[in-house]
Amino acid sequence: MLEETGIPDRDDIQNNLPDEERLKEGPVAIFECYQEIPCDPCYYSCPLGAIEEFEDINNLPELDFDKCTGCAQCVANCPGLAIFVIDYTYSEDEGVIRLPYEYTPLPEVDEQVIALDHSGEEVGPGRIVKVVNNENQDKTAVIWLAVEKEKLVTVRHFKRMEESSDG
Amino acid sequence: MDKVDKMDRADKMGNLDKVHKMGNLDEIERIELAVVGGGPAGLAAAVKAAELGLESIVLFERDNFLGGQLVKQTHQFFGSKDQYAGTRGIDIAEELTDKVRKEAAIEVKTGAVVQGYYEDAVIGYLEDERFQKVKPEKTIIATGAAEKMLSFPNNDLPGIYGAGAVQTLMNQYGILPGEEILMIGAGNIGLIVTYQLLQAGVKVKAVVEATDKIGGYAVHATKIRRAGIPILTKHTIKEARGDSKVEEAVICQLDENWNIIPGTEEILEIDTICLAVGLTPKIDLALQAGCQMAYVPELGGDVPVRDEDLEMTEENIYIAGDAGGIEEATAAILEGELAAINAVRAISGGGSDLEAVYAEVSEKLADLRRGPVGEEIRSGLKKARGDENAGRDRYSRQRRYSK
Ligand SMILES: Cc1cc2nc3c(=O)[nH]c(=O)nc-3n(C[C@H](O)[C@H](O)[C@H](O)COP(=O)(O)OP(=O)(O)OC[C@H]3O[C@@H](n4cnc5c(N)ncnc54)[C@H](O)[C@@H]3O)c2cc1C
Ligand code: SF4
Ligand code: SF4
Numbered sequence: 001m002l003e004e005t006g007i008p009d010r011d012d013i014q015n016n017l018p019d020e021e022r023l024k025e026g027p028v029a030i031f032e033c034y035q036e037i038p039c040d041p042c043y044y045s046c047p048l049g050a051i052e053e054f055e056d057i058n059n060l061p062e063l064d065f066d067k068c069t070g071c072a073q074c075v076a077n078c079p080g081l082a083i084f085v086i087d088y089t090y091s092e093d094e095g096v097i098r099l100p101y102e103y104t105p106l107p108e109v110d111e112q113v114i115a116l117d118h119s120g121e122e123v124g125p126g127r128i129v130k131v132v133n134n135e136n137q138d139k140t141a142v143i144w145l146a147v148e149k150e151k152l153v154t155v156r157h158f159k160r161m162e163e164s165s166d167g
Numbered sequence: 001m002d003k004v005d006k007m008d009r010a011d012k013m014g015n016l017d018k019v020h021k022m023g024n025l026d027e028i029e030r031i032e033l034a035v036v037g038g039g040p041a042g043l044a045a046a047v048k049a050a051e052l053g054l055e056s057i058v059l060f061e062r063d064n065f066l067g068g069q070l071v072k073q074t075h076q077f078f079g080s081k082d083q084y085a086g087t088r089g090i091d092i093a094e095e096l097t098d099k100v101r102k103e104a105a106i107e108v109k110t111g112a113v114v115q116g117y118y119e120d121a122v123i124g125y126l127e128d129e130r131f132q133k134v135k136p137e138k139t140i141i142a143t144g145a146a147e148k149m150l151s152f153p154n155n156d157l158p159g160i161y162g163a164g165a166v167q168t169l170m171n172q173y174g175i176l177p178g179e180e181i182l183m184i185g186a187g188n189i190g191l192i193v194t195y196q197l198l199q200a201g202v203k204v205k206a207v208v209e210a211t212d213k214i215g216g217y218a219v220h221a222t223k224i225r226r227a228g229i230p231i232l233t234k235h236t237i238k239e240a241r242g243d244s245k246v247e248e249a250v251i252c253q254l255d256e257n258w259n260i261i262p263g264t265e266e267i268l269e270i271d272t273i274c275l276a277v278g279l280t281p282k283i284d285l286a287l288q289a290g291c292q293m294a295y296v297p298e299l300g301g302d303v304p305v306r307d308e309d310l311e312m313t314e315e316n317i318y319i320a321g322d323a324g325g326i327e328e329a330t331a332a333i334l335e336g337e338l339a340a341i342n343a344v345r346a347i348s349g350g351g352s353d354l355e356a357v358y359a360e361v362s363e364k365l366a367d368l369r370r371g372p373v374g375e376e377i378r379s380g381l382k383k384a385r386g387d388e389n390a391g392r393d394r395y396s397r398q399r400r401y402s403k
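Those protein sequence lines, which keep their order, are chains R and G. Each residue of the first sequence is one higher than the one before, starting from 1 at the first, in this note's numbering. Each residue of the second sequence is one higher than the one before, starting from 1 at the first, in this note's numbering.
Hints should not be assumed to be uniformly reliable.
Claimed, not checked - Here are the simulated lysine-lysine pairs, DSS-like style, with alpha carbons at most 25 Å apart:
(1) G:LYS99 to R:LYS159
(2) R:LYS159 to R:LYS130
(3) R:LYS139 to G:LYS99
Unchecked claim - Derived Cβ-Cβ restraints for the label pairs, each shown as a range:
(4) R:ARG10 to G:ALA104: 39 to 45 Å
(5) R:ASP66 to G:GLN172: 45 to 51 Å
(6) G:ASN259 to R:ASP11: 30 to 36 Å
Hints are computed from structural coordinates only; laboratory data are not their basis. By construction, the Cβ of each residue, glycine as well, lies at the ideal position given by its N, Cα and C atoms.
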């Protein structure tokens, strides 16, 4: 499916997640990098050595969930924009997904947005919690988006309200 | 006749200095290395050659700026971290250009088009509307690639552009090509340009791809798919419509034999069509120089036959980067370096330092091409090196040095 439509298979998405126990502990990175390509910046960007060293630059990245703190350094450094951090512990019923974002203008904190899934379909409301855009991120901002917890597995992008109203 | 006379007389007069100058009037400037093309391959080649001790290098670039394709790439690059992965193409261009400018041994000629490589290894180029010549010991051709076209009814309507033109408009001049676009081709270029269009606020109605698979990297596809852009494999454009400019595109589905499935036609209202149907190596200079070509689809069409050291079938000329086969910037940089190392080795006779750099660069190149996406390149290179039909005439060529 991924090869034909650009939408990853549900099973593959599910397989990226750590077990429930780890999810309950706090934020963790998920890698939606399914194809062996010559690429390795994620390894170099992780300050905690949570991503295993690449034996071959074409290997898929492998994450040690126990070492990963969900700091999201890797999120802005992946040229494929394929890394996300999900956090089930944000509040009682909301979780946060930290996602890479390269569109301007950047959203504002507390802005209400529409959450989108892997195929760009609307999956409900979302709220911007934080916008991180440091020098060292080289113009890829990391956006913290709060959505209902159950939606953390499907939400990967968002659109602004204005965009939807003007069609 | 006249010249000899004059020289004779001067000589008799004992004015050696004058003889020298007069002789030079008709003599062509000699240099050690000419690099044709100021993209990543050419820039890396020139820098490496200077680092390895060459003293007279001329870098020719047709455009008025250096960087080649990189200048148009605003996205982060893939590849190995040591070769700038994760950095944006345009920033890589700047870094390489800085290095070139710092090397006193490199003379940069921008706005200089190399027209031909003639007998006796003379390069003719056009600069400031003047045709000039230079005679290098070695030449590296790094002229990059040209875009392929696609034929369909009305493909000459205004509003139909190649991906390169769209990138130039947007990323170099800040001009939007249109408001509603149809992208043809889901290779890396089609996907990346689609993403750049979205970033610029242009609406991309769809990306159509004739084959049954997205050719570009999956991560580039997922990026635009989650922004809501449909990627339609097994689809093509049947025709463009419009009076004075393109107003509609008719797209349709294809069956396994690439035939249009009747009744699947769909009309998209658009004001721009962008063609990203592939690149082919720009081989005119190598061809004109008399180098042998081989048809290698994996590398983008007709490509020069070369040996492991990137030397072509005409002695003293090397090929590097997309001009030798469509690949990537990282590979282009490494090939540029490799060609430079080999040229320096041939000029200076080698040495253990050189061997070490050679080993390091060729190792990196092999690493890069090891994976599944490198498979096509590996099989293509085998053909381009003639490994499958060894014994062809190029092997009878005298080697200047041995490994
Ligand atoms: C949309 C797009 C996205 C890309 N994304 C990536 C990516 O993410 N990662 C990656 O690694 N690569 C990427 N690439 C590929 C990369 O840009 C090319 O592989 C690379 O630029 C090739 O380098 P080169 O030096 O061989 O050729 P070029 O960059 O094409 O440079 C050739 C230069 O030679 C000059 N020239 C040609 N003929 C003459 C002549 N007769 N006289 C003087 N000068 C001449 C040209 O003007 C040009 O400047 C992308 C390419 C495109 C188009
Ligand atoms: S989120 Fe932080 S700790 Fe986890 S893999 Fe990425 S960079 Fe490493
Ligand atoms: S940097 Fe991103 S695209 Fe590259 S290997 Fe890591 S996760 Fe995959």
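Evaluation of the provided hints:
1. Among the hinted pairs, LYS99 (chain G) with LYS159 (chain R) is inconsistent with the structure: their alpha-carbon atoms are about 41 Å apart, more than 25 Å.
2. Restraint check for LYS159 (chain R) and LYS130 (chain R): satisfied, since their Cα atoms lie roughly 16 Å apart, inside the 25 Å limit.
3. For the proposed pair LYS139 (chain R) and LYS99 (chain G), the alpha carbon gap of about 24 Å is at most 25 Å, so the pair holds.
4. In this structure, ARG10 (chain R) and ALA104 (chain G) break the distance hint of 39 to 45 Å, their C-beta atoms being roughly 59 Å apart.
5. The given range of 45 to 51 Å is respected by ASP66 (chain R) and GLN172 (chain G), whose C-beta atoms sit roughly 47 Å from each other.
6. Between ASN259 (chain G) and ASP11 (chain R), the C-beta spacing of about 34 Å keeps the proposed range 30 to 36 Å intact.
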